[in-house]
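Work out the full structure: start from the sequences and follow the hints.
Chains as they are written, first to last, in this note's numbering: chain F, 1 to 356; chain A, 1 to 105; chain Z, 1 to 184.
Hints were generated in silico from the structure; no laboratory data involved.
Since the structure is predicted, the reported quantities are computational estimates derived from the model, not experimental observations.
Wrong hints could be hidden among the right ones.
Covered, in the sense of this in silico footprint (three residues per stretch, anywhere, with C-beta under 8 angstroms from a C-beta of chain A), are these stretches of chain Z [unchecked claim]:
#	stretch
1	26 to 36
2	128 to 135
Residues of chain F placed beyond 12 angstroms of chain Z at every Cβ, according to the derived structure [what the hints assert, rightly or not]:
#	residue
3	V24
4	V26
5	E31
6	P49
7	Y122
8	G231
9	A235
10	S243
11	A247
12	I274
13	S289
14	A294
15	I311
16	W314
17	R321
18	L327
Cβ coordinates follow ideal geometry from the N, Cα and C atoms, glycine included.
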Amino acid sequence: MSAVEFSINTLKIFLLWFSIVNVVPVMLWVERRAAGLIQDRPGPNRVGPFGLFQAIADVIKFFWKMDPVPKHVNRFLFLIAPILSLIPASLTLAALPFADKMVIWGREYQLQVSDLHVGILYMLAIGSLGAYGILFGGWASNNKYSLLGALRASAQMISYEIPLGLAACGAVLFFGTFSLRGMVFMQDGTLFGGLLPKWGIFFQPLGFLIFFITSLAETNRVPFDLPETEGELVAGFHTEYGSMKFAMFMMAEYMNLATMSGLMTAMYFGGWHIPYVSDATLLSWLGGSVNLLAIVQLGVFFFKLYTFLLIYVWIRWTLPRFRFDQLMRVAWKNLIPLSMINLIVTAILLYFWEMR
Amino acid sequence: MISYEASWLSWTHYTAIALFGIGLVGFLLRRNAIVVLMCVELMLNAVNLIFLEVAVRTQTHDGILFIIFVVTVAAAEAAIGLAILLNLYRKQGSLELNLFRMLQG
Amino acid sequence: MSKEWLICGAGIMTLASALMVVLSSNAIYSAIGLLISLFGLSALYLLWGSAFLSVIQVLIYAGAIVVLFVFVVMLLDMSRVVQTGKGPGWFTTLLVTGTGWIFSLFLLRALNRGNFAGAIEHKALGSISVLSKILFREYLWPFEVLSVFLLAVVISAYCLARPESLDNSGSDGVSIKGPKGGRS
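Okay, structure coming up:
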């Protein structure tokens, strides 16, 4: 690998990471404005037009705040816990396929950090490590509310990983590959003579539903935000955290949200494909320029990703919270059997389809 | 194709042996039941490493399948072991293995 | 060349953190040691060409088993665990460590036979399609036995988690008082 290639690859990785990190300030604004819209109040509207600079003000506030470490905490674990939750959130991006490829000075560069042949498994594995940040943060705070939040979080994340994995297994079985890039390539084109785009959701509707519900639980969003219920546990596992350390927990949460949205986009909603327009047609419209195509694909991918994020926000301000026993019952008695049925039915149908 | 000097495979082998030794010593010396369970996990992992070495050396996939089986059994073992420990803690209020003398009469 | 030093580094990381499991007095640091050790092993699997195993290692061990350990350690409040004050004596420590060491040497002798000179050229093992073909053809019977085993584990875990519903035969978890008015 030459120096030029190395620097372009490094720049690519940084830009892709940066585009997901930027979800955080955008979502800070979107979430509060949407809350205002839904609850019939203005929301933040003072800083800049439509309160758009509120996110920047928030970030500056986080940086300039005092950063206290309480006396009664386990200092080492207290300090590494936010880092432990931010690192997995960043690492999961490595397998997301943002767009096809760019050609710079005669060399091809995939717009994806790495096309792993175990892509989905990698994302599930690294995503499951996010539990440690929450667990250690809650335990090290030496506060009963924090500890309760952490215990709830770990029980919830372990339970919901099972239906998440099983739902993803259905998609893997259907596409016949673990590579997210391969999955996106298979969703190019239309079904039934141009009636529907050939997206995963039309083959795996139940799988998508389970995946979506579980992704809410895995990222600790309403209606599954039991680890941080403000009515019962003050603020859950991050009660004792302030300033940048709290901001790191929040960044990790929003990045996980973005990653889950990207995963659903790639697995069930055709990734970078525009419905009814195949890649080849789009390429001919753009005059055969691969780089332009990649930029359009990036736009489409991020459009779909932000649509999912908006749905998350919508759900957050619409649905009430589950009780903990209800949460566990939903996971073990409803979602796991449903995802198993989904897997078995997919397998049987695929078997007869292959026989044909 | 991946190519390494064979000495590095031996190094992996020594790692596995040493890991098993550390796990065994911890299993025999520690009195905290949870740490004892962790040492069992260490020993299982050492065996997994040996299976990997076998798979690489013989160029077959059987070793890797054995690792998958062992990981499954290890997960089950951890779940059951921890459930038993929780029950013991509920009965005795402790996890010191010295204190569990209920069968001694 | 650099990859081979990575093998060395991953091995050292595994062993050092395994020592941390055994030596640290706080169970939570033992759990952290176990976690790092498992990551070292995962790196070793990756370096020997089996990406699938390395991901499985992280997914199952680091993502589920060690979380369970940490969960139990946090649930039980280790500071309240009664200390007996009787640690193992020097003689026991030496004896056990020596036995472990000699046992390891025997293992080394037993397993390290044959000539390993020269470079090893090998395919990347653990391609998922090949693995699954072997798993569902040659190893189908062990696989099915394993599924029955897992079913037994699920049932026994359920029974262990709810001991009071087994002690008395009352339905719906309603506790039935014994003849002396108390439950055992």
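We went through each hint and held it up to the structure:
1. Residues of the stretch 26 to 36 of chain Z with a Cβ under 8 angstroms from some Cβ of chain A number 4, which satisfies the need for three, so the listed coverage holds.
2. For the stretch 128 to 135 of chain Z, the assignment as covered by chain A holds, since 4 residues bring a beta-carbon within under 8 angstroms of that chain's beta-carbons and 3 suffice.
3. The Cβ of F:V24 lies farther than 12 angstroms from every Cβ of chain Z, with a closest approach of about 24 angstroms, so its non-interface assignment holds.
4. Separation of F:V26 from chain Z is adequate, the least Cβ-Cβ distance of about 29 angstroms exceeding the 12 angstroms criterion.
5. Annotated as non-interface, F:E31 keeps its C-beta farther than 12 angstroms from every C-beta of chain Z; the closest such distance is 28 angstroms.
6. Listed as outside the interface, F:P49 is consistent with that label: its C-beta sits roughly 44 angstroms from the nearest C-beta of chain Z, beyond the 12 angstroms cut-off.
7. Once the 12 angstroms rule is applied to beta carbons, F:Y122 is inconsistent with being away from chain Z; the minimum gap is 5 angstroms.
8. The beta carbon of F:G231 is kept farther than 12 angstroms from every beta carbon of chain Z, the shortest such distance being approximately 23 angstroms.
9. For F:A235, the non-interface assignment is confirmed: its Cβ lies about 18 angstroms from the closest Cβ of chain Z, beyond the 12 angstroms cut-off.
10. Every CB of chain Z lies more than 12 angstroms from the CB of F:S243, the least distance being 25 angstroms, so the non-interface label holds.
11. The non-interface label for F:A247 is consistent with chain Z: the shortest C-beta to C-beta separation is roughly 24 angstroms, beyond 12 angstroms.
12. The Cβ of F:I274 lies farther than 12 angstroms from every Cβ of chain Z, with a closest approach of about 31 angstroms, so its non-interface assignment holds.
13. Every beta carbon of chain Z lies more than 12 angstroms from that of F:S289, the smallest distance being close to 34 angstroms; the non-interface claim holds.
14. Its beta-carbon lying about 27 angstroms from the closest one in chain Z, F:A294 satisfies the requirement of being farther than 12 angstroms from that chain.
15. Its beta-carbon lying about 26 angstroms from the closest one in chain Z, F:I311 satisfies the requirement of being farther than 12 angstroms from that chain.
16. No beta-carbon of chain Z is positioned within 12 angstroms of the beta-carbon of F:W314; the least distance is around 30 angstroms.
17. Every CB of chain Z is more than 12 angstroms from the CB of F:R321 (nearest about 22 angstroms), matching its label as outside the interface.
18. Every CB of chain Z lies more than 12 angstroms from the CB of F:L327, the least distance being 16 angstroms, so the non-interface label holds.
Violated hints amount to a single one, hint 7; each of the other numbered hints is respected by the structure.
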